[in-house]
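Counted from 1, the sequence shown has number 381 at position 381 by the numbering used here; the numbering is strictly sequential.
Careful, some of the hints might be misleading.
As the list claims (entries may be wrong) - Here are the simulated lysine-lysine pairs, DSSO-like style, with alpha carbons at most 30 Å apart:
1) 87 to 383
2) 383 to 91
3) 314 to 107
4) 125 to 87
5) 125 to 314
Unchecked claim - Computed spacing ranges between beta-carbons, pair by pair:
6) 257 to 284: 16 to 26 Å
7) 107 to 257: 26 to 36 Å
8) 34 to 379: 54 to 64 Å
9) 28 to 368: 42 to 52 Å
Keep in mind the hints are simulated off the structure, nothing from the lab.
C-beta: ideal position from N, C-alpha, C; glycine also.
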Amino acid sequence: MQDYRPVYDGDLNEFHRLLNYAFWPTESFEPIESSADIPAPATVGESRGLYDDDELVSTVTHHWLTLRIRGEYRAVAGVSAVSTPPKHRRKGFVRQLLFESLREYRKRDQYYSVLWPFEYSFYRKFGWGMCNEAAAITCSPDALSFVDRVNIPSGSAFVDLDTDRWEELARVYEACNDHDLAMRRTEEWWRKRVFQGWKSDPYVSGWERDGELRGYLVYAIEEEDDRTMNVWDIGYVDHEAYVELIRFCRYHDSQVECVSIRDADGTVLHDCVDDPRDVEIEISPGPMIRIVDVERALSDLSYSAGGSVVLSVKDALADWNDGCFRLTVEDGTASCEPTTANPDATVDVATLSQIAVGYCSVERAIRIGNVDATESAGSTLSKLFPKRETFLREGF
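Use the sequences and the hints to build the structure in full.
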């Protein structure tokens, strides 16, 4: 008999043993005797398990997030720590785990779900679609030498930051994250997911002017082929602050051979450096998002245009989404209800999710064959769901 339920203290060791074998199979597992043995980042979120005859066969952790979707912050369920040991794979356990997770999200009024996939095609078949890309900027410290010609602003200094200053970092973060899918980070997130690491804590440094924090970066010095300063979280209130953070990276020329920065857009740096060819920018796929409940998600969105369209939605996992819905927007108020009318457009839930959050334009989805729509319906959908700039930087 299968049972989906919270993972209680008595199963914590088994929960983390399964995760260790799934994601770090070459590393020995240190038994978990109590919750105090769990790394701080892993204590954020709520653990669930799928049990088969009381044996834990699949794991998942739910994060109750708040993300900006089409300009307004909304509740979004984050999915992480999905694992099933090899002896239990290909028995439908993960499918059941994800189905039960969606049912829980629906009960909690979480209309969207987001995750970082180990394999995009695996989660695509369950209804998640990629929702943004990210730029990975790589160069030597010397490639950033343009900062040597920029005057250091008066009254400014680089500073080390600790958890007690999380609210100042939050203000900087919110000032520079104007993309959709930006997270409203909680104090717990700042303390446990930004300032603390899984095995060692990262460096968190900032740039102040006249005593006001204007920028920050979170990074580690890693031993790879070349010693690398790996910056995975960077925030700045304006271009001046951005340049000073780049100066901070430049000043690591005696510690590292390489600087790597992950950001929404790396092309600004191309405009700053002496030779853009010295800065490599790699665009990589980001997280995936899914509509949990089509009827409520589309009714709840904000729209700048009006119109009506009947959508035939294909959802192989969540049966409550698999069917036809009439979406009507009038005077800024939306309603999305099941209907028996003939559809104007047909779309799978993964593509609809990408369109709803603004990552994929309707025109592009039609062009690549992910939406089948009449000309009139395509025009209406394009007006209802214009493309947006999306970027979720947080991993989980």
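Hint-by-hint comparison with the structure:
no.	hint	in the structure
1	87 to 383	49 Å, violated
2	383 to 91	43 Å, violated
3	314 to 107	21 Å, holds
4	125 to 87	22 Å, holds
5	125 to 314	11 Å, holds
6	257 to 284: 16 to 26 Å	22 Å, holds
7	107 to 257: 26 to 36 Å	51 Å, violated
8	34 to 379: 54 to 64 Å	59 Å, holds
9	28 to 368: 42 to 52 Å	45 Å, holds
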